[in-house]
Structures are given as structure tokens and as C-alpha cells.
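Enquirer: So you can see what is in the structure, the chains are spelled out below.
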Amino acid sequence: MSPADSRKIRLLLLQNAPLILFLVLVLVFGSLSERFLSPTNFMNIVTQAAHIAIIAIGMTFVLLVAGIDLSVGANMYASCIVVALYMKGWNPVFGFAVAGFLGLLFGAVNAFVITRLRVPAFIATLATLFVGRAIALYLSGVKMIPFGKEILLLGRTTWLGLPVPIWIFLLVFVIAWVTLRLTTYGRQVYAVGADPEAAAKAGIDVRRILFSVYCIAGVCAAIGGLVSASQVAAASSTFGFQKEFPVIAAAVLGGTSLFGGRGGVVGTVFGAILIQTVENGLVMINADPYVYPLVVSAIIFIAVLVDSLRTGMLERLERRKIRVETA
Amino acid sequence: MTPAQTTRLDRPGLAPGLPLWRRLLLSEYLVLFLTVVYVAGMALIVPEILAADTWRDILAAMIPLLIVAIGQMFVLVVAGIDLSATSVLAFSSVLGAAVITMDGGPLVGMPAFLVVAVGILAFMAVGGAVGAFNGACTTRFNMPPFIVTLTTMMFFSGAAIWVTTLLTDDGSSIGSLPREFVFIGQGRVFELPFSLLIALAVGLLAHVALSHSLFGRWLFAIGINPNAAAVSGVPVRRTMFWAYVISGACAGLAAVIYTARLETGTPVLGQRILLDVVGAAVIGGVSLFGGKAKVLWVVFGALFLTVVDKGLQLLGLSLAGVFAIKGGVILLAAIVDAQRQRLKGRG
Amino acid sequence: MFQKQVQAPVQAPLLAVRGLCKSFFGVQVLHDVGFELAPGRALGLIGENGSGKSTTMNILGGIHQPDRGEMVLDGQPYRPKGPKDAEAAGIAFIHQELNLFKNLSIEENLFIGGFPKLVRGLPFIDRRKVRTRAKELLAAIDLDLDPATLVSRLSQGERQLVEIAKALGSDARIVIFDEPTTSLTARETERLFGQIQRLKGRGIAIVYISHILSDVMRLTDDIVVLRDGHVVATAPTRQMTVDKLITSMVGRTIDQIYPPRASRPREGQPVLEVEKLTQPGMIKDVSFQVRQGEVVGISGLMGSGRSEMARILFGLDPYASGRILVDGQPLERPTPEVAMARGIAFLTEDRRAEGLMMDGPIADNLALPSLPNFAGGFGRLIERTRLGDAVERTGRDVQVNARDFVQTLVKNLSGGNQQKVVIGKWLLRSPRLFILDEPTRGIDVGAKYEVYKIINELAGQGTGVLVISSEIEELIGICDRILVMSHGEIRAGYDRAKFDRERIMRSAMWDSVTKGGR
Chain A
133 MSPADSRKIR
143 LLLLQNAPLI
153 LFLVLVLVFG
163 SLSERFLSPT
173 NFMNIVTQAA
183 HIAIIAIGMT
193 FVLLVAGIDL
203 SVGANMYASC
213 IVVALYMKGW
223 NPVFGFAVAG
233 FLGLLFGAVN
243 AFVITRLRVP
253 AFIATLATLF
263 VGRAIALYLS
273 GVKMIPFGKE
283 ILLLGRTTWL
293 GLPVPIWIFL
303 LVFVIAWVTL
313 RLTTYGRQVY
323 AVGADPEAAA
333 KAGIDVRRIL
343 FSVYCIAGVC
353 AAIGGLVSAS
363 QVAAASSTFG
373 FQKEFPVIAA
383 AVLGGTSLFG
393 GRGGVVGTVF
403 GAILIQTVEN
413 GLVMINADPY
423 VYPLVVSAII
433 FIAVLVDSLR
443 TGMLERLERR
453 KIRVETA
Chain B
1078 MTPAQTTRLD
1088 RPGLAPGLPL
1098 WRRLLLSEYL
1108 VLFLTVVYVA
1118 GMALIVPEIL
1128 AADTWRDILA
1138 AMIPLLIVAI
1148 GQMFVLVVAG
1158 IDLSATSVLA
1168 FSSVLGAAVI
1178 TMDGGPLVGM
1188 PAFLVVAVGI
1198 LAFMAVGGAV
1208 GAFNGACTTR
1218 FNMPPFIVTL
1228 TTMMFFSGAA
1238 IWVTTLLTDD
1248 GSSIGSLPRE
1258 FVFIGQGRVF
1268 ELPFSLLIAL
1278 AVGLLAHVAL
1288 SHSLFGRWLF
1298 AIGINPNAAA
1308 VSGVPVRRTM
1318 FWAYVISGAC
1328 AGLAAVIYTA
1338 RLETGTPVLG
1348 QRILLDVVGA
1358 AVIGGVSLFG
1368 GKAKVLWVVF
1378 GALFLTVVDK
1388 GLQLLGLSLA
1398 GVFAIKGGVI
1408 LLAAIVDAQR
1418 QRLKGRG
Chain C
623 MFQKQVQAPV
633 QAPLLAVRGL
643 CKSFFGVQVL
653 HDVGFELAPG
663 RALGLIGENG
673 SGKSTTMNIL
683 GGIHQPDRGE
693 MVLDGQPYRP
703 KGPKDAEAAG
713 IAFIHQELNL
723 FKNLSIEENL
733 FIGGFPKLVR
743 GLPFIDRRKV
753 RTRAKELLAA
763 IDLDLDPATL
773 VSRLSQGERQ
783 LVEIAKALGS
793 DARIVIFDEP
803 TTSLTARETE
813 RLFGQIQRLK
823 GRGIAIVYIS
833 HILSDVMRLT
843 DDIVVLRDGH
853 VVATAPTRQM
863 TVDKLITSMV
873 GRTIDQIYPP
883 RASRPREGQP
893 VLEVEKLTQP
903 GMIKDVSFQV
913 RQGEVVGISG
923 LMGSGRSEMA
933 RILFGLDPYA
943 SGRILVDGQP
953 LERPTPEVAM
963 ARGIAFLTED
973 RRAEGLMMDG
983 PIADNLALPS
993 LPNFAGGFGR
1003 LIERTRLGDA
1013 VERTGRDVQV
1023 NARDFVQTLV
1033 KNLSGGNQQK
1043 VVIGKWLLRS
1053 PRLFILDEPT
1063 RGIDVGAKYE
1073 VYKIINELAG
1083 QGTGVLVISS
1093 EIEELIGICD
1103 RILVMSHGEI
1113 RAGYDRAKFD
1123 RERIMRSAMW
1133 DSVTKGGR
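Protein sequence lines correspond, in order, to chains A, B and C. For the first sequence, our numbering gives the first residue as 133, with consecutive numbering after it. For the second sequence, our numbering gives the first residue as 1078, with consecutive numbering after it. For the third sequence, our numbering gives the first residue as 623, with consecutive numbering after it.
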């Protein structure tokens, strides 16, 4: 086996690391708890994963252009608190429209600071994370705010055998998938993520693409927030707190690279389910709840490590040669 | 090119001929000046801001923040970032307190000075170890520093809480710290808080390390152009690694002060100052893009943030309101930094 | 020797370029450059590095605007303001560094600027139409690949062909190839040439830029030779030979003066011995020596492996096999730190990216490699006065023209002065062996002379000097011995007594001269 071959095998292993991880986890949890492998539990996992998946789908757009949005949790809180405070008794469709619009505004602020004012994305969204949370806390008076009954009803309703949160998640997923795969815009997102300079030369409006992805992430954060709201009944002061972690983890575990240009929403959904599986499994085996964040962060760490190693390896494979060695 | 053309306005505070307001705007004392203006303005509404007690509070709040921010500066110089600093505060507070607690700790019965010395070392070692991990990940595996330190932040915040639940019955905090240790946070020497002396020592040491040592010169070189530094024989990876270790160790030292002041090791330490740490450095003028830093700037930045915070509290603003405004100020500082960087790119 | 006027082409010119002049920072790089392109004909554009080829092409592509001169496309004045204008005018570029998105498929790359839509006004891509048109385009260039294949899976040659398909897809009337074959295998090259012939058959005008003269001879109908920004020859290809091309590229003028080589290389233990140094894909079996006080030149074209070899010697890149000996002692797995400890200094070809901290002051730049020598005692504090004196002295020695080394930022210096700072920072370490990669690139004649003088003096003091340059003239002027590299190997070596411009160029153009090329 030539060194190039062994490199390719290592790459293949790296690329499938999350899948391997998933199988190992399922086996471990399954052997430790009988309930874990039941169909009901699987449905539970997917329902609980719905909101993370929705937000992570938005995050995928941002990661595809090598950006990051740390403010999704704050956005989710800020957008939903408005619905909880001022829209009791309204048709939930209006709730989604208003929350989505607020999420869009939040995302647009991020986009403006990042693309126009050229502040690094992580620091810009870290700052808006704090500001957004603070505004939401201010609005709520740091109190627990219950959501309207109509929102809660949404969480309990099933349609054609599936809970509504899953339907919303599927809708967002299909729209995102179609956008990324089947529209000019989607393909240009990939192009910008791979090489912004070449993208500009190919006549793509790079700034518009960069701006738009943060807006999409904003809308998804708000919608995901309401889906989560339909399951938790009330917005406490920690609603959406540190949500960015499982969200980024879901996307990166699903194979979307932090370095841009690689990945997609199918993987992200898989990642979200994986993350939720871990949490669910920990509950099932009665693990110490204080260990959850340790496990989740360790998983994110592994995902990022794998992504970095893979990116480094691909770069080495792609390096330009000046001699053509004849085999 | 004549030499006359080569003198530039890069240190415009020294440039003659500019209008006063522009000189001020570009001066490194701008933040200090803004602090004075802010205090003066506040004094009209809440005169308490001028009271000695207020300033004692401000000083107390500023000292540990300053120490963490100075550590952060070492990472920012090489265009990195350490978001894990706040979790280091919590984690080393818990582990350190566990080492020195008189309530069944391993050092019970040892001479007091030894307990204190071992304790401080333990705090800083925990911080340094987390920093070493961050440094290894960014320099060896080329992982983006912000995501590495974000995950370690989450991990060690969680670990701090988890360890506390393992070590204590109620899972909240570890008390019974020796009196000599508490002195570090609460004691006074010649009417000055002891912790102020520590901060001064850290500041001085950091200044010497940054501006007068080989290590400091290497940090700046890497921050300005890592490729040129590597070609000039600078051990880029090793130097960057130590920057992260320093950041962690500084956070550990700040945890000593916080813990001693509270008389307990607690996992909720520093949860809210994540942005303040980066903010203090960036507001002072340390660049997020690397290669620009000074200890004095960080002092001004930390002072400004603390004073703003106190002023808003005196105004009776809720915690949330204070957060919103402070976050905005920090965002503004980042924007100013980015614009400066852009202008430099053009020049 | 050649006709200065191109013969009236059979058809009316598609593009006429007349009297282009361009200066950068006061240095004129193009003087009255002119040529014509006709549909279905290929024009070869050749010249040494820095002769003005890229500037000319950048003007065509709208990246630079000319100071004077005009371009007429199809009878209309053509004044591109950016790459988009060039594309709209039907001019496509195929660069050495390809502009493809490796994470996308072939068909997506073909249409990334604008996909055919399923329904007008809606954003959905008509996948079927993309597929059929992609198949057509690929068929037109005989590329038998599934259009859905990711570009990252393609070989370099296939990527080149995809670029051609892209040009076809955008209805280009002029396609410009810039060194398209450097990273292609022989078979891929043949295939590319076949396609270029077919493009001509479709009435597309070709500009072909290459160092491989035999290819230029084969492919083109007319040839324009540039030297120092002047068109020195324009003629139909059939009136040319490789020999004639080389002669006109090299020229006969000696417009630079070199300081006399006063000292001679010393006998005894060589400073540097390189034995069979090999790194797959980069260099192969490179062996040579540099003696004390000897100035050895490395000649070669861009991409010949000369800079790569220098980086390996200095420990910036790894090598797979072979040996490096400094002063007779092996230098194993070097890093820059280790190489420097053994007395090696290295001036990189990319001054801005690797040579200098552009945003730093002169003094800091001069001091950087020597800092450990000025840091002593506990905490390794810098001895400021001693360092300041040394920096000041060295800066004056190499004659950096600035009043204050501490205040003046390097980015505000001229290219020549910047280069003196790079040289100065290494002289401060008194190197045993100084490797200089393109030491006079982008600096004016006066500064060049000063650089040559410094090299001469260094050699006089017994330092071994290794100079890499694409200017043969320069190497002949300052070296004791010249080695010629091509395709990662050393092809020839000449002693000072046997220096001959054309023979050196011929060795560097090894592909063109040996039968069958690669």
C-alpha cells in the first residue's frame, strides 16, 4: 500500500467518524438500558431533536461560508419572549411569522456587523449573544414567562401520526435542502465557502451571500425557538441558554466543516439526532445530569478535531506538485 | 523615497499638527479620557459615583478582571482568543479550594504558609493545564482557537459543577478555607488591598514579559506576520502554546482572589464576565487581529468597563440592562478595531 | 533580425492591442506593447519572468488599466474595468492556478455564474438542462466523465479541460492559456493540445503563454516575444525556431553593471554539501556543493524546483531522502531554528508575505532573527542598548534609507530599501551560508547594484552564497558557478569561464530542447 493509499483510508475513517461514534453510542446505551432501543423512545428522540435540528439547519448555511453564529440561543430567547409576552391567544401561525421576522432582524444585525463592518464573526455574534439575551431578560423582567395555550397545544398535537414539531422540522428541512441543492443561490453558497475570491471572479455577489446566511440562521433560530417553546411550556431566564453548543455540534458532527464549503443539511439532521440520542441515552441509563455538558462538549470537541484533521489532510493532498512523478 | 516621507502617523498621539480632538481620538489615553467624561457625566445624575466607597467597589471588581484580561492579552497578541478563561475561574476555584480546605482537605495540619503556597500553585496549575490543552489543540491540530476554547469553556464549566457535586454534600461550594488564604482576597497592607499588590505585580511582570523579553518580541512578531516569524527562526508553535498557558494561569490566579474574597470555592465563579475579559482588552486597544497590545491599555479597558458597570448599577438599571449596554460597548470596540484594521490594510 | 510588423492576417483582427504602456510605482513595466489576434489563430506570448507577460494579460482581463494605449475588440473600443467586463466581452482566462470549486461537481462549476432556470423568475435550477448542456460541453472537449463528478476527484489535466468547457459555455471568443501544462502528464498535455486545436477550428482566438517553447512552436500561428516590457519580436511561427526564440528572449544588451568579482572561492571543507536530496513531487536527486567564499547561482524557470529546494535546505519544508551537510556535519530534519544555529540565512522570494513584518518598524524587522543573541540572563530579557546599537550599525551598513529605524514602518519603504532590511536582518547573524531567493525582484537598478555589492563583500569574507534568480544576466554577473534546474532536477552546471547565456537558457528550457519533451 502506498502512503497515498493509507492517507486516503485515514481520510475515509475521519470522514465517517461521527457515524462510527453514533453506532458505538447506540450499542453502549442499548446494552445499558432496555427502553433505549424501543420505537417510542426513538420517536421521542426525534421530537426532542426537532428544535436543535431546525436551528442547526440555519447554522449549516453559516458554516458553509466558513462563518459562525454564536448568538442563536440568544436570538431564540429574544424572539420567543416577544411571542410569549405579547401574543397570547393569537393564532400560532402569526406567532411563527412574528418570531421569524424578529429572528430575521437579529440575524440581519449580525450580518451587517460581520459583512459591512468586518468584525470577525465569532466576536460579533458573541457580543450580540450578550446583548440579545440582556434585551430579552429586560423584556421579561427576569421572570418565567408562560407561553400561550395555543403554542403548547401545537407541541401536543399530532398529524398523520407525527407530532407537529416534527412536521415543522421536516418543512424547514425540505426548504433548506431544496435551497442548497436545487437553486443557484444554494450552489453559490458552496462556491463562496470553498473560495470567496474565485467566487467573486465567477461573478457571484459574495457579500450578498454572506449577508443572507446570517439572516437565514436568524430565522431558523426563532422558528426552532418556538418549536422548543411548544414543548417546554414557559420561557425561563435560561431559555435557549448555551443552545449554540448542541447546534454547532449537530452541524459539525453531520460533516459540515468549520472551514467552509463542505457539508449539508442531511448530515446536520443526523448530527442533531445524534446529540439528542446522547442526552436521551444519558437519561435512560440514569447518568449524573451534571455530566451531560461534559459529554456534549467532549463530543463537539471530537467533531471539531476530526474536521481540522480532515481539512489539513485534504490540503496536503491538494498541494500543487511541480514534478509529475510517473508511477 | 526621502526619509521625510517615511515618518508616518502610525502613532498619531505623537503627531503634531492634528486638531486636538483628532489627536485625542487616536491617542492611547482615549479610553481613560472617556472614563473621566463618563464619571463626570454620571456625577450629575448620581453623585454617589464620586464616593470613596464606590471607588473601593470599583477597584475590588476591577482587580481580578484585570488579571484575567492581562492573560487574555497574551493570546490576543498572536491573533488568538481564549474564551475558556471564565470556566478556568470556576474550575480552579473548586479544585484549588478542595486542595486547601480545612474541612477534611489533604493539607490539614500543614503549616499555614505552606498551605497558601501550595494552594496558589494549585489554582494556577489548574489554569495552566487548561491553557496547555487549548494551546496544544490550536498549535498542533490547527483547530480554530475560538471553537477550541469555546468547547473547553463548556467542558470545564460543567466539570466545575460536577466536581463540586462529587466533593460536597449540597453541591454548592467548598468552604473552610484557611484564614491566611482568605487574607489574599480581603486583607490590607498599608491601607491598600493585598489583591491590588498582586495585580500590580502581575501587571509589572506582564509588561516586562511583553515589552522587554525575547518571548514578548516573538509574540508580537507572530501576531504581525506568523510566516515571516517562522522564516526568521521564531518557534511559532511553542511561543503560541505558552501564550495560552499564561492566559490559563492568569485566570487561575484571578480565581485565587475571587475565592479568597468569597471564602469559598464555587463553580459559578466568573460566569458573567466572559465578554468583559475580551472586552477589557479590546476596548483598551488590543487588536483582535494580533500584533497590538500593551498592559497599560488593558488597565484602562478594565477600568472603563468596571466604571461603566458601576455607574449603570447606581442608576438603578437592572442587571439585564447593564448587560445590554455593556455588550453594546464591547461590540462597538470590536467594530472600531475592525475599522482600524481595514484602514491599515489600505495604507 | 525579425520583421517588426505582423503580416496582414487573413481575416480582420478580432482584437487589436496598440501601444500599451503601464507603470507601477514609477517603474515602467510595459513600453508600447502591441499585437493582434485573429479568429481561429493562436498567438504565442513568450518572454522571461518579469518581461511583462502577466501585466499585459492582466490589462486584457481588466485587472489593471493601461496608462496609455488602446484595445479594439471587433472594431469597438475595449476598456474593461474588471474581470466581469472581460467575461462579458467573451475573453476567458485559463490560469495555472485554476478557478474551480473543488467541492462542486463539474456541471455546477460550468454554470456557477448563472444556472439555467426551471421556470423564469423562480430560483430553481433546471437540473436536466444543466445535465444535457454539460454533457454537450464535455463532449465538445472529448471529456468522457459524468458531469456530476466532483471536481476534487479530477486529475489536474481533467480540471484544465473543465476550464476549457467553461470557456466554451460562456461563448468565449478569445481564450487565454497561462502556463497550462506545468502540472500535467504527457498524455494530459497531448489531450489539451488536441482541444486547443479544436477551439481554433471553431474560430476562437487563442493566446498561449508558456515557457515550454517546443509547445509554443507546435501550437501557435504567430509568436510575440517580450523582453523588459518591450515587444522584441513578432513573427509567424513558421519563420521561428526554438533557438531564435531563445536568442531574442535573452537579448544582447547588458544594461546592468556588476561589481567586479574580486575574491575567489576558498579551497578546503565546503560550507554546504547536498547529496541526492529528494522530495517526491518537488525535487529529485539534487546534489551540489557551495565552498567558502563562493557565489553559486541557481538558474531555472518558475516551478523548476529552485525555490522549493531552498526552502528544504532552510528547514521550512521536509525532504524524503538524501543528505545535507553544513561544514561537513550532517543537518538532519532541519527546522529554521536548527538551520540558523548552523549559520544558514535565507532571503525568501516573497518579501511581503514571508520576509518582513510589513506593519512593524525597521528596527524590529532587523532584530527579529538575532533576538536570542541579545536576550540573556533570567527571563531572557532583551539587552536593548546592545541590540539597538547592532541594529543601527547593520541598517547603516546595508544603507537602508530612512532617518529613524525605530519609528519608520517597513511598509513605507521602497522595494529596494525593504530588501536591504531583509538582507540586513540576516547579516546581523553573520551567516556561514546565505541563501538568497530572487534577491533583486521588484527593486530598482540602483538598489540592485547595492545588493550585488553586499553579496560580493560577503563572499570576500568567506561566506558561502547561493543565489536563485530567473535573470540569467544577473547570475552571470555575480556568480562563480551556475547550476541550472528544471523539473526539480539539476540539469547542468557551468563554471565562470564557461558562462553562456544561451546555453544556460537552453538547459533551463530542457523540455523544449530534448526531443519528445517530458
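Bear in mind the hints are in silico, worked out from the structure with no lab data behind them. Incorrect hints may have been included.
[Said to hold, decoys possible] In the SDA-like style, the derived pairs of lysine to any residue whose C-alpha atoms are separated by at most 25 Å in a straight line are: (1) C:703 to A:329; (2) A:220 to A:232; (3) A:140 to A:447; (4) C:706 to A:327; (5) C:898 to C:950; (6) A:140 to A:327; (7) A:275 to B:1109; (8) C:724 to C:743; (9) A:140 to C:781; (10) C:1033 to B:1397; (11) C:706 to A:339; (12) C:739 to A:310; (13) A:275 to B:1397; (14) B:1371 to B:1119; (15) C:724 to A:232; (16) A:140 to C:743; (17) C:724 to C:694; (18) A:281 to A:370; (19) C:706 to C:766; (20) C:751 to A:310; (21) A:140 to C:719; (22) C:724 to A:147; (23) A:333 to C:776; (24) C:822 to C:950.
Enquirer: If a hint holds in the structure, say so; if it doesn't, say that too.
Expert: Comparing the hints with the structure gives:
1. C:703 to A:329: holds (17 Å)
2. A:220 to A:232: Holds - the C-alpha atoms of residue 232 of chain A and residue 220 of chain A are around 16 Å apart, at most 25 Å.
3. A:140 to A:447: holds (13 Å)
4. C:706 to A:327: holds (17 Å)
5. C:898 to C:950: Distance of about 16 Å is within 25 Å: holds.
6. A:140 to A:327: holds (23 Å)
7. A:275 to B:1109: violated (37 Å)
8. C:724 to C:743: violated (29 Å)
9. A:140 to C:781: holds (20 Å)
10. C:1033 to B:1397: The hint is violated at about 46 Å.
11. C:706 to A:339: holds (16 Å)
12. C:739 to A:310: Holds. Residue 739 of chain C to residue 310 of chain A sits at ~14 Å (cutoff 25 Å).
13. A:275 to B:1397: Distance ~12 Å between residue 275 of chain A and residue 1397 of chain B Cα, so the pair holds.
14. B:1371 to B:1119: This hinted pair is violated, its Cα atoms lying about 28 Å apart.
15. C:724 to A:232: violated (34 Å)
16. A:140 to C:743: This hinted pair is violated, its Cα atoms lying about 43 Å apart.
17. C:724 to C:694: violated (36 Å)
18. A:281 to A:370: Holds - the C-alpha atoms of residue 370 of chain A and residue 281 of chain A are around 21 Å apart, at most 25 Å.
19. C:706 to C:766: violated (30 Å)
20. C:751 to A:310: holds (17 Å)
21. A:140 to C:719: At roughly 24 Å apart (the allowed maximum being 25 Å), residue 719 of chain C and residue 140 of chain A satisfy the hint.
22. C:724 to A:147: At roughly 17 Å apart (the allowed maximum being 25 Å), residue 147 of chain A and residue 724 of chain C satisfy the hint.
23. A:333 to C:776: holds (22 Å)
24. C:822 to C:950: violated (57 Å)
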